[in-house]
Each structure stands twice: as structure tokens, then as C-alpha cells.
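Visitor: Heads up: the sequence shown begins at 1 in UniProt numbering, then just goes up one per residue.
Among these hints, one or two may not hold up.
Have a look at the derived ranges for each label pair, beta carbon to beta carbon [what the hints assert, rightly or not]: (1) Q91 <-> K66: 17 to 27 Å; (2) V124 <-> S99: 32 to 42 Å; (3) W117 <-> L87: 19 to 29 Å; (4) N116 <-> G82: 15 to 25 Å; (5) G123 <-> A41: 30 to 40 Å.
Please keep in mind that the hints were generated in silico from the structure rather than gathered at the bench.
Built from N, CA and C at the ideal position, the CB exists for glycine as well.
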Amino acid sequence: MMICVAPCLGIKRVDELGLLQSGGGGVDNLLQVDLPLWTNAQCAQIFDNGRLTDEMVCAGYIAGGKDTCQVIIEQGEEGDSGGALSLEGVQVGVVSWGSVCAEYPGVYARVSRFRNWITSISGV
1 MMICVAPCLG IKRVDELGLL QSGGGGVDNL LQVDLPLWTN AQCAQIFDNG RLTDEMVCAG
61 YIAGGKDTCQ VIIEQGEEGD SGGALSLEGV QVGVVSWGSV CAEYPGVYAR VSRFRNWITS
121 ISGV
């Protein structure tokens, strides 16, 4: 059983089909990992690059080891971008970007910020 210790906001599940490590091969079966969720203020201290916005959410372990692999496509690698970040079956994020595969928390698009747009396109 996973527990959340302060200051994370909870444990979120990520489903992915992409890389297992930077520069490594992909997988053929769906994988899941449980990750702690951080506030944007906490995540901004981790990345310190001014790129975080309210449309983003940050999840992962400070020490690394477990994460999705958000890699830059120009590096010739395919990552987990587009994978779902969910809480109790509800999608709360989409894998977006990060810094090195599973060495820092990753950054996800915050689905709630795009709900109106999603509804306008999908009709759902």
C-alpha cells in the first residue's frame, strides 16, 4: 500500500506504453506507476525554469526512479507523452514534458483547465 507523506498532494496513477529508461526500448504492454503529486510552487522549485503554468500539474519522486519518460523528440527518442495521469479512474493529467527520464518529477497537462475545450470538440 502506498502512502503520501507531506508535502505531496496525493498519489496519482500513470498509464504508459513508452520508454522504460532514457535511450532504452519501449514496451508492448500497458504499464502503471503510482506517483506523488506536487503543487506548482513546489514543482517550480524543482525545475526553476519559469516554464510551469496553471495549465500544468507536476507528479513524481524527487529522488527519481519512477516516472514517465517525457523526452525531447529531437533526441531521436519516443517517450510517454499523451499517457494518462489518473486518480480513482478519473483522468487529471496528460504526460507532457520533464527533464531526463525518471530522474525528476514530470510535468503533465492539467485536464481540468481544458475541460471546456474538450467538451466543445468532443460534445461530451
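Visitor: If a hint holds in the structure, say so; if it does not, say that too.
Guide: Hints, one by one, checked against the model:
1. Separated by about 19 Å at the C-beta atoms, Q91 and K66 satisfy the suggested range of 17 to 27 Å.
2. Between V124 and S99 the CB atoms are about 34 Å apart, so this pair conforms to the stated range of 32 to 42 Å.
3. Here the CB-CB span from W117 to L87 is close to 21 Å, well matched to the stated 19 to 29 Å.
4. A hinted range of 15 to 25 Å holds for the C-beta pair N116 and G82, which are about 20 Å apart.
5. Distance hint check for G123 and A41: the Cβ-Cβ separation is about 36 Å, which falls inside the suggested range of 30 to 40 Å.
The structure meets every hint from the earlier list without exception.
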